[in-house]
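So the protein sequences, as listed, match chains A and B. By the count of the working numbering, the first sequence reaches residue 226 at its end, each step adding exactly one. By the count of the working numbering, the second sequence reaches residue 367 at its end, each step adding exactly one.
The hints are simulated quantities; they were obtained by calculation from the structure and are not laboratory data. In this text, all values refer to a predicted model and were calculated from it rather than measured experimentally. Check the hints yourself; a few may be wrong.
In silico DSS-like pairs for lysine-lysine, Cα to Cα no more than 30 angstroms straight-line [said to hold, decoys possible]: (1) B:LYS212 - B:LYS70; (2) A:LYS41 - B:LYS70; (3) B:LYS11 - B:LYS70; (4) A:LYS41 - B:LYS11; (5) B:LYS7 - B:LYS212; (6) B:LYS337 - B:LYS355.
So the chains spell out like this:
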Amino acid sequence: MLSYDDLQALWLTLQLATVTVCVLLIVGTPIAWWLAHSRSKLQTIVEAVVALPLVLPPTVLGFYLLIAMSPQGIIGSPWLQFTDATLSFSFTALVIASTLYSLPFVVQPLQTSFEAVGSMPLETASMLRASPVDAFISVASPLALRGYITATVLGFAHTLGEFGVVLMVGGSIPGKTKVLSISIYDHVETLEYAQAHTLSGGLLLFSFITLLIVYTINRRLPIRVA
Amino acid sequence: MNILKAKLDVKLPHFRLQADINLPSHGVTAIFGPSGSGKTTLLRCLAGLERSPTGCVQLEDEVWQDEQQKIFTPPHQRSIGYVFQDPRLFPHLSVESNLRYGLNRTPKTKRYISWNQVIDLLDLGPLLHRRTHHLSGGEQRRVAIGRAVLASPRLLLMDEPLVGLDMQRKHEIIPLIQQLRDTLHIPIVYVTHAINEVLQLASTLLLMEEGKTVAAGTLSEIFSRLDLDQYLNQDTIGAVIETQIEAHEPEFSLTRIGFNGKHLFIPQQRFPVGHALRVHVLSRDVSIIIGPPPRQTSILNVFEATVVEIGSMSPDCHSVDIKLDVGCPLLARITRKSMASLRLTPGQKVYANIKAVALSHDLLGML
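Turn these sequences into a full structure, and let the hints guide you.
Here it is, written out as structure tokens:
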């Protein structure tokens with residue numbers, strides 16, 4: 001039913017989304033934590049920067065990233081020096097681009113849930129001999145579990161569907177940077193509607209089922225964060 | 001000398017705390033004052049949850065904060081237990097995991113309180129496998145207290161731990177706190193605005209008002225000072241006397257208690273002879289007689305007394321408090337009219353009457 005090309009695109013897309021979500025959770029947690037707890041004046045600026053991909057046309061983001069990741073760019077040239085490989089049109093470039101593109105979808109739910117948890121549980125933990133890191137791991141993050149689930153799903157789903165940014169920084173190299181949404185576009189362009197239907201329908205079903213599972217878990221979770 | 005010392009100056013949005021305290025670090029020290037007087041902020045500064053830009057905090061030989069030397073021990077390294085106003089149990093953990101949270105993080109060498117001791121004392125056994133949100137208000141408080149105590153704190157801070165509970169629950173939990181004090185020997189700093197909790201728990205009292213520490217001392221010292229009546233409720237002014245049960249007279253339903261060689265009859269108590277009893281003798285229940293006491297009177301408790309000090313008399317108040325010495329301080333409240341006719345002066349010998357029935361059971365603290 002699926003051609004070798006399509007399977008390759010599917011596999012690449014899943015890899016990209018998984019890696020991106022992992023990177024996002026690691027990068028997003030401290031940013032969201034800082035936004036939730038800091039009283040700094042920089043906060044508003046950082047919040048705006050994080051939210052930028054929500055309103056910025058993906059092609060604009062992709063365009064600037066393409067320049068930055070080119071062998072002469074501010075990310076691409078040191079990358080070339082250290083790894084002896086060009087950054088643009090590689091899988092790594094896709095991960096970097098996807099991370100930036102999906103950042104608000106991970107940071108915002110985390111920030112909201114950290115704010116809901118508040119500082120009280122952390123104070124309580126510190127009065128029970130827990131260091132700040134210990135208190136974060138043992139109290140704050142389990143209490144923010146819903147935020148983490150939402151962030152993971154939104155981050156994953158959003159990365160699955162990206163098109164503009166990926167096309168700009170990755171091109172469409174089969175097996176390397178050609179993801180599902182680009183495959184769908186190619187099929188439609190060459191009037192292969194059957195293949196486009198299979199891939200689109202699959203993505204639609206997958207997205208719906210994922211969201212259904214997440215909302216079910218979220219509703220049944222015994223943790224009340226209030 | 002075991003001491004808890006602190007000098008603090010904290011500016012908050014609506015409020016400035018300026019405290020200079022020097023308290024014994026054993027037994028229960030009550031911090032008493034109206035809402036908004038800075039009691040909680042003081043406690044948070046002691047715990048390190050709030051940082052005073054200047055000042056210092058010290059428990060015995062351990063300096064927790066000294067801004068001149070840039071010392072600030074983070075809260076989790078202070079070995080402090082904190083029972084907050086609301087129980088603040090961790091909702092994602094079972095009751096048992098809540099209780100073990102601090103215990104598991106306490107090095108074995110620092111543990112001086114055992115699991116069994118606390119579980120038995122606070123009767124937590126039946127609750128261990130429950131989820132925290134299935135507990136009643138009183139049960140949540142008990143778990144919160146147990147959790148703090150199980151971390152073997154050097155000092156236990158309690159911020160109005162009984163607020164919001166009904167009378168019956170309070171009467172259940174107060175004896176448990178007395179046991180923490182007497183059996184486990186945990187030094188406690190106890191914030192409250194309920195004077196009966198002070199009477200039942202504390203040996204030392206610190207009065208606060210508008211962010212300032214007004215006075216500190218033993219309960220007997222503070223309650224016998226005439227200059228502090230503005231900080232106490234008018235209905236609670238009166239001397240606190242530490243006594244011992246000497247005998248029971250069941251045929252009259254009375255108990256004889258003694259202090260400094262004097263005796264006092266009060267309604268019969270359920271405690272055995274020899275039991276220490278703290279009584280609060282309200283000044284409004286003490287009257288003064290000049291000259292020899294009448295031979296025949298229904299009043300049981302009459303003492304020879306010396307007038308020590310006469311309280312301030314304001315023209316818009318009908319009464320005045322008199323401080324007497326009956327071997328220990330005693331306060332009596334008389335009308336200004338009586339004052340005018342008796343012409344009391346310091347040093348004068350008088351007699352003090354205490355109505356036996358005036359010692360209501362509610363105000364008897366157990367020690």
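Hint check:
no. : hint                : in the structure
1   : B:LYS212 - B:LYS70  : holds, 25 angstroms
2   : A:LYS41 - B:LYS70   : holds, 26 angstroms
3   : B:LYS11 - B:LYS70   : holds, 19 angstroms
4   : A:LYS41 - B:LYS11   : holds, 21 angstroms
5   : B:LYS7 - B:LYS212   : holds, 11 angstroms
6   : B:LYS337 - B:LYS355 : holds, 21 angstroms
Checked against the numbered hints given earlier, this structure breaks none of them.
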